[in-house]
Every structure is written in C-alpha cells, then in structure tokens.
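Enquirer: The primary structure of each chain is shown beneath.
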Amino acid sequence: MTPKRVVITGMGTVNPSGNSISEYWESLCMGQSNIKLIDSFDVSKYTTKFAGLIENYDFEQILDKKECRRLSKFILFGYAATLEAVNQSGLSIDKYADHVGVEIGSGIGGIDVLEKMTIALHERGPNKVSPFTVPMMIIDMISGFISIKTGAKGPNCSSVSACASGCHAMGNAFQMIKNGKAKAMITGGSESAITPIGLASFCAAKSLSQDNENCKTASKPFDLNRTGFVMSEGAGILIFEELDFALSRGATILAEVIGFGSSGDAYHITAPAPQGEGGARAMQLALEDASLTYKDIDYINAHGTSTKMNDMNETAAIKSIFKDYAYDIAISSTKSITGHLLGAAAAIEAIASILMIKNNCVIPTINYSTPDPDCDLNYTPNKVINKQINTIMSNSFGFGGHNAVIIIKNYT
Amino acid sequence: MSLKQEEVFEKVKKVIVEGLGVSEELVKMESSYTDDLGADSLDTVELVMALEEEFGTEIADEDAEKLTTVTKTVEFILNKN
Chain A
0 MTPKRVVITG
10 MGTVNPSGNS
20 ISEYWESLCM
30 GQSNIKLIDS
40 FDVSKYTTKF
50 AGLIENYDFE
60 QILDKKECRR
70 LSKFILFGYA
80 ATLEAVNQSG
90 LSIDKYADHV
100 GVEIGSGIGG
110 IDVLEKMTIA
120 LHERGPNKVS
130 PFTVPMMIID
140 MISGFISIKT
150 GAKGPNCSSV
160 SACASGCHAM
170 GNAFQMIKNG
180 KAKAMITGGS
190 ESAITPIGLA
200 SFCAAKSLSQ
210 DNENCKTASK
220 PFDLNRTGFV
230 MSEGAGILIF
240 EELDFALSRG
250 ATILAEVIGF
260 GSSGDAYHIT
270 APAPQGEGGA
280 RAMQLALEDA
290 SLTYKDIDYI
300 NAHGTSTKMN
310 DMNETAAIKS
320 IFKDYAYDIA
330 ISSTKSITGH
340 LLGAAAAIEA
350 IASILMIKNN
360 CVIPTINYST
370 PDPDCDLNYT
380 PNKVINKQIN
390 TIMSNSFGFG
400 GHNAVIIIKN
410 YT
Chain B
0 MSLKQEEVFE
10 KVKKVIVEGL
20 GVSEELVKME
30 SSYTDDLGAD
40 SLDTVELVMA
50 LEEEFGTEIA
60 DEDAEKLTTV
70 TKTVEFILNK
80 N
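Going line by line, the protein sequences match chains A and B. Residue 41 in numbering that gives the first Met the number 0 sits at position 42 of the first sequence, with consecutive numbering throughout. Residue 12 in numbering that gives the first Met the number 0 sits at position 13 of the second sequence, with consecutive numbering throughout.
Check each hint, because a few of them may be wrong.
[To be verified] If the Cβ cut is set under 8 Å, some of the chain A residues that face chain B in the computed set are:
hint, residue
1, K64
2, S129
3, P130
4, D139
[Said to hold, decoys possible] These stretches of chain B come out as covered by chain A in the derived footprint (C-beta under 8 Å, 3 or more residues):
hint, segment
5, 27-38
6, 41-50
[Unchecked claim] Counterexamples of contact, computed for chain B against chain A with all Cβ distances above 10 Å:
hint, residue
7, S1
8, K10
9, E57
10, D62
11, K65
12, T68
13, E74
14, L77
No lab work stands behind these hints: they were computed from the structure. Just so it is clear, CB atoms sit at the ideal spot from N, CA and C, and this is done for glycine as well.
Just chain A, with the same shape it has in the complex (with noise of 0.2 Å):
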C-alpha cells in the first residue's frame, strides 16, 4: 500500500497563554501567559509557589455539572481542546465514526483525582473512596470520553512518554493514518499535574525553577541563568486526517505532517544522555521519515525547558544533526511564553509551529539576556522575526529517557 499523506484541518488549545486558538496566538506574539503565584493551595511551604494556570473557562459551559465534578482536570482541559478543534475541522464525526480514531497523550493522568481520594481513603477509610477513582485518573480516560462524547469509533488509545507524550501521540496517530488504519484522528496532549502532590514532587526532584519573586520570566531557556522550568497545566488538541479524505470532504488544510522519529536513551530515570545522544538520533530519525536532509528545515521549536541539563544537551544534539547550519537556523523554545505544560507541551508547540508557517513569522525565546557559551545557537532571543517558515521540526524529550520529533510543513 503506497503510504497516505496526513494532512492537519483543525487546532483548539486551552493553556495559560490562551483558552483558545487566537488568544494563545495573540499572546504568543504579545509573550504573554498567565505565570503567576499559585493561590488554589497553600504553597507557603512549597520551594516553587508558582506555575502557568487555566483560568477563566467555564467547563460547565461544555459539560454537565455532574461531569465537570468528576472528570479530572486534564480531562476537561482535553475536552474543551477538542470542541475547538473538531469546530475548525469542520469534521462530521457521527458520518464517518468507524473511520475517526483517537490517540491523546498525557504525562501524569488524573494525579488530582488520585490525590483526593487518597486522603479520602487516610482519612475516612476504604468506604469513601470514589467509585470514579480509577476511571477518572487513568491516562487513556481522556480517548475514551472524548470519543463517547463526539462518536469517534475508530483506533483508540493513549500514549503516556513523560514530556513527549503528546508527541508521541501524533506521532502514532500520524503512523495510523499513513497506514491506512484511519481516516482522521483526534490527537494531541492535555496535562493537569498542579495539585500539592504533583507540585512536591517537581520540587524534589529539583526540576522546577525557584525564582519566585520573578516568576513571569523564570521560564528562560537556553540563557546562562536559568534555573528550572516553570510547570504549566493546559491541553493542545490537532485533527489529523489523510489528505485525499480531507480534499474530498472540501476541508481547509492547515499543514502537512511529514515526518516521526522517536528513540530511547537507555541511560538514565530523569537527566538527558550525554551530548543529547538519543534526541539526535531521533531527529535523525525524523529526517529520514520525512525523506529530507536537515538543510530543508527552516525552523526548530526546541524542547527547551529552561533545565541546565536539558537545554545544554538540546543544543549539543541539533549540532550533531545540523552541523554548520546549527548555527544558522532559526531555533526557539516557547515555553519561555508558555511554561511547560509536561505532556501536552508537544501539541500547544505543534500548534504554535504551525502558526508561525501561516503567519510566515518565528515566534521568539522570551527573557533572554545572557549568552551560555555551552548553548551558542541562534534562539531567536526575545523579538518576533519575520521570516518564510516552510518547514518545521519540533522536539519533544522525557523523563525516562523518550524522545520524539516531528516534522510539520506548509501544505502545498
């Protein structure tokens, strides 16, 4: 079977820099988020008191109280991204049900749900613990209520890869309907991991940055004083479909997804192997899916978390792929914007990447100020530029040692 061509027709998002497509657009131009002090718990005790918040979305206007009860957040978060995506699609999903499939990713899960319950259970015992404990926190919850709620009964699934779940998830759904198993898919990332426990936990693992009195621009990756990164919550919803299905049905054509490679480190539980071994090999990977060289990639939206490690590590993999032109290539990470939004950062980048070949512009690292002699690439510090972005590669890499990238061109 001769391979199809995946196209992409729709995007919805709700992340601290927009609960919708064109907020998140306005303020990624604007680099704008709603990084703030966490007031939803006492965080008084807590080394990092802030994060990248929803706020402002009333999911009872998507789902009945009832629901909005239940559901962890990161399902909510990925259901209100799908209704904005599937809208712009223009997909008739009860039409072609057995062909729609779904394939969401998700770093963490319902840790919110599995939080409460907890105490439920320590404090008041086994009777009070929730019938929807287990339905609500597992991670391929999320593909399945969505595909209750929109009739999609095509392959349904979840991939879970830490920070590159939501890569790995269009990555998979890509591969889905390249095959022929599907004719569009719902894919995508959602994360809801800011409760006290999911917090804690970062904290200890002294992932998060700590610059408290100036969060706003505590995400700064690739600058010589970064200190961490900034943990954000949110959902990026995509809808993948092959072409010749999407032409037929007369739909608008975002981009073309061309290209998926993923790999492992087989090195260690959170810190990237060295020289960012396996990232390179997967964007090697990539290339060679996409059947181009790295000459023919005009834009890199970076993993760039703002870690030490990460960043460092990043920046020594594009040089081992991108040789000379590493130096050249415009190169930036949003999460400086945006925060880290852990397993659906992936999607919110595709996104971003995918507005910046419409608007024909690279969307900037934010809070750049002083130079790492061991990042040395240009990140495109802090100005939007103009430039004709035909095609983009996006890397996504997490703890446990998966990496995965994917390559998104103009569709022509």
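Got chain A; can you put chain B on it based on the hints?
Expert: Relative to the frame of chain A, chain B by itself:
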C-alpha cells in the same frame, strides 16, 4: 407524607440533584434511580456514599442494593433513625 417523611425526602432530593446532576422537578417519591433518573451502577454507588454523608450514617452493601427508588431510600432512612 408525614412531616418527617417530607423532611427526609427534601434532603434525599438535594443529594440526588447534586449527585446525578438532574433537575429538582424530576425527582419524585416514585422515581427509580436507573429507570427515571439515568443513573448507572457507578452513579448509584456514589449516591449511597453521598447519602451516608448527608445523614451521618453507614449503609451496608446488602442494604444499598435494595435502595432502587427514592421511596425505598426515604423509608430506609426513616427506619434507620
């Protein structure tokens, strides 16, 4: 309905409205949780937990299984107290 029965019914109704997300008018003495109020097996488990909370009592599993309608629930609570 006696005054006591009316009082218990109102409290049960409040728990049902909150728990099952149904409108108040839908909840009548004769309502069946599954047939009239759209509850599934997980909903009913959660509902029983909410009733235990509301009335500060424990409802054993074998009793909970019999509480299929609002009437049976109100009667059970009245007999228990």
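Enquirer: Against each hint, give a clear statement of whether it holds in the structure.
Expert: Results for each hint:
1. K64: holds, 5 Å
2. S129: holds, 6 Å
3. P130: holds, 4 Å
4. D139: Where the cut-off is 8 Å and the nearest Cβ of chain B is about 17 Å from A:D139, the hint is violated.
5. 27-38: violated (count 0)
6. 41-50: holds (count 4)
7. S1: holds, 31 Å
8. K10: Nearest chain A Cβ is 19 Å from B:K10, so the label holds.
9. E57: violated, 8 Å
10. D62: holds, 13 Å
11. K65: Nearest chain A Cβ is 18 Å from B:K65, so the label holds.
12. T68: The claim holds: B:T68 sits with its nearest Cβ about 20 Å from chain A, beyond 10 Å.
13. E74: holds, 22 Å
14. L77: About 22 Å separates B:L77 from the closest Cβ of chain A, which puts it past 10 Å; holds.
When each numbered hint is compared with the structure, violations occur for hints 4, 5, 9.
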